[in-house]
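Engineer: Here are the chains, one letter per residue:
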Amino acid sequence: MALREIISSGNELAAHAAIDAGCKFFGGYPITPSSEIMHELSDLLPEIGGTCIQMEDEIAGVACAIGASMSGVRAMTATSGPGISLKAENLGLAQIAEVPLVVVNVMRGGPSTGLPTRVSQGDVAQAKNPSHGDYKSITLCAGNLAECYTETVRAFNLADRFMQPVFVLLDETLGHMHGKAMIPAPEDTKAGIKPKKEFTGDPAEYKPYGVAQDEPAVLNPMFKGYRYHFTGLHHNDTGFPTEEIETCRKLIERLFNKVEAHQEEIDSYEEYMLDDAEFLIIAYGSVSLAAKEAIRHLRAAGIKAGLFRPITLWPSPAARIKHWTDKIQKVLCVELNMGQYRDEIQRASARLDIDGLFKVNGRALSPYEIVEKVKGM
Amino acid sequence: MAITSVKNLKEFSTTNERFEGAHLLCPGCAHSMIVRELMNCSDDNLVISTNTGCLEVSTAVYPYTSWDTSWIHIGFENAATAAAGAEAMYKARKRKGTLKNPDAPVKFVAFGGDGSTYDIGFQWLSGAVERGHNFTYICLDNENYANTGGQRSSSTPIGASTTTAPAGRVSYGEKRNKKDMMAIMAANGASYVAQVAPNKWKNMAQAFQKALSIDGPCYINALSACTTEWKFDPKDTINISDLATDSLVFPLYEIIDGTELNITYRPKNVLPVKDYLAAQGRFKHLFKPENAHILEEWQKRVDEKWEYLQRREEARV
Chain A
39 MALREIISSG NELAAHAAID AGCKFFGGYP ITPSSEIMHE LSDLLPEIGG
89 TCIQMEDEIA GVACAIGASM SGVRAMTATS GPGISLKAEN LGLAQIAEVP
139 LVVVNVMRGG PSTGLPTRVS QGDVAQAKNP SHGDYKSITL CAGNLAECYT
189 ETVRAFNLAD RFMQPVFVLL DETLGHMHGK AMIPAPEDTK AGIKPKKEFT
239 GDPAEYKPYG VAQDEPAVLN PMFKGYRYHF TGLHHNDTGF PTEEIETCRK
289 LIERLFNKVE AHQEEIDSYE EYMLDDAEFL IIAYGSVSLA AKEAIRHLRA
339 AGIKAGLFRP ITLWPSPAAR IKHWTDKIQK VLCVELNMGQ YRDEIQRASA
389 RLDIDGLFKV NGRALSPYEI VEKVKGM
Chain B
-6 MAITSVKNLK EFSTTNERFE GAHLLCPGCA HSMIVRELMN CSDDNLVIST
44 NTGCLEVSTA VYPYTSWDTS WIHIGFENAA TAAAGAEAMY KARKRKGTLK
94 NPDAPVKFVA FGGDGSTYDI GFQWLSGAVE RGHNFTYICL DNENYANTGG
144 QRSSSTPIGA STTTAPAGRV SYGEKRNKKD MMAIMAANGA SYVAQVAPNK
194 WKNMAQAFQK ALSIDGPCYI NALSACTTEW KFDPKDTINI SDLATDSLVF
244 PLYEIIDGTE LNITYRPKNV LPVKDYLAAQ GRFKHLFKPE NAHILEEWQK
294 RVDEKWEYLQ RREEARV
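One line per chain: the protein sequences are A and B, in this order.
Taking our numbering, the leading residue of the first sequence gets 39, the next gets one more, and so forth.
Taking our numbering, the leading residue of the second sequence gets -6, the next gets one more, and so forth.
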């Protein structure tokens, strides 16, 4: 694949990824530190005949994007943690009605208004369950500038494949970082788009939610003569509300199964200098940049450390985490929160002795903090 | 010093300073002029709530504060709710006799920008006004989300170029006309609504004092020229405000109990709207030949609005 060199910021790269991935609609609301995504798309979308709407609040921002997606186009919204809190109800609607959507969250310090202009990874747990009820989140986390582009593209493809919202987590550091990135050419991104499944048979036979227990709904684009119903209520195979016992059970189980049965399509992670490692560092997002730098310093000092970096955070690459935590005794989870992902590492590894280096003051972690921590382990 | 009426600047300048100048607002920002005047034109205890926005982030950066009074900030959208809650608690405690000083005059004031007033805080403001809380809501209307990078709001006027409604090859900028919050708040049941501008400081002080003296919800829409996003020299804030009021782009009037409309300022020489637009970078592109129709529409709408306000004033309905 031909890569192109581009100098840009994480937020702008996410916006360009959306355009290259075929996104035609953006609905959003101003919020630091994600606003540049909307700024960029308000320039780019009109030029390709798409629509970028700034709505009256965060709730309307996600709701109009869900509406656009229901009609059949690729749609996106972007925000930060407080925005996700407001959008939560509608994200639940998109989960149960199986509406594909890309939601970029450029994380800042929380809870509440928190630290609007400072970095954090405090929304990792929220991304797993932003709304009430049972469903299985898909959450991707960019770890460098290039991934702000590639993970946004992947999110569009996964959203269409699994018919549900997909989160892309950036953080303030990545969103506002300016630098060089090597990203795929637009043609290659376009060539990678897999068309959404569409039912082409007799409209009378069309059962959008009447699919196998491990498959997502097949929702045809609107205005093509296929009749169905969107609802936030439990629904039957045509999408109409029901309280029928078996139908309700199967619906919620299918929302889990469709993701769990195809986890190999979703898993993504990076393994860095792990083969001979005696220290396992687990980090994701912008923190992984500091972790890699720390590992180079540690190795120069004769300490064999390596990095496991989950790129898909939810569902977690649990089997791979277990593989490494079985093999390596000393494990350190480094996060800009109070250990939200360490909980998952402990669950996946079935170990309660995972060490943590957590920072929640809105400042980035320096490699030296990690070096010092590992030396003291 | 208790003020019952503000006669001149000299007298006004002797009032207590209740809004400290050492804040982080941009040089030339009209927010501080408006807030300072509101606070200085009352000697009562003020309980002030503020939405998230330029005012909030710039006036209370620990360990400093500009607010020589009780001050609350909760979220982007709920200054009206905070004021309503404080006012309801005050009433309840007064009724129960648990206030230390029940006879001290207290006034409840909420500040919001146009983003948090016209958009995200709209229903919260509407609810507080509908419930009839005794408070004054002041919108510092700078016609954009200045705190988050100059995005459009539903107060942004047609043709303005903003970061999310940019002018360029495809668009002439904001496509919609400014939302009429005065009419909405009057219809919402506000006891008093008024539009004010800092260049007409005496008119503004009168409106503030009237609002604070009325027992009921009051709404004031204050023009706050934004040097950063409107793109003019910081020294020209008052000049730009003069152009806004004298071209009737921002007419000054009040509506009492939803019906009685009074025009509170009539310019001696009405200026053309294009003089106001030409003074700001955000409208620069409107002077290209292909956008001439926007200029015409602007003037037409301003003329129509002025005609409407005069008729409403005469009709007394």
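Keep in mind the hints are simulated off the structure, nothing from the lab.
All C-beta atoms, glycine included, are put in the ideal place defined by N, C-alpha and C.
Some hints could be false.
To be verified - Pairwise CB distance ranges, derived in the manner of DEER restraints: (1) B:H286 with A:G400: 45 to 51 Å; (2) A:F396 with B:T257: 55 to 61 Å; (3) A:G400 with B:N9: 33 to 39 Å; (4) A:S109 with B:D61: 50 to 56 Å; (5) A:S150 with B:A285: 44 to 50 Å; (6) A:E303 with B:Q116: 37 to 43 Å.
What the hints assert, rightly or not - Not everything, but these chain A residues come out facing chain B in the computed CB check (under 7 Å): (7) P68; (8) T70; (9) M76; (10) S80; (11) D81; (12) E85; (13) T89; (14) H272; (15) D275; (16) A299; (17) E302; (18) S306.
What the hints assert, rightly or not - Among chain A residues calculated to face chain B with C-beta under 7 Å, some are: (19) S73; (20) H77; (21) P84; (22) E94; (23) D95; (24) S387.
Engineer: Hints broken by the structure, by number, lowest first?
Structural biologist: The structure breaks hints 13, 14, 15, 16, 17, 18 and 24; every other hint is satisfied.
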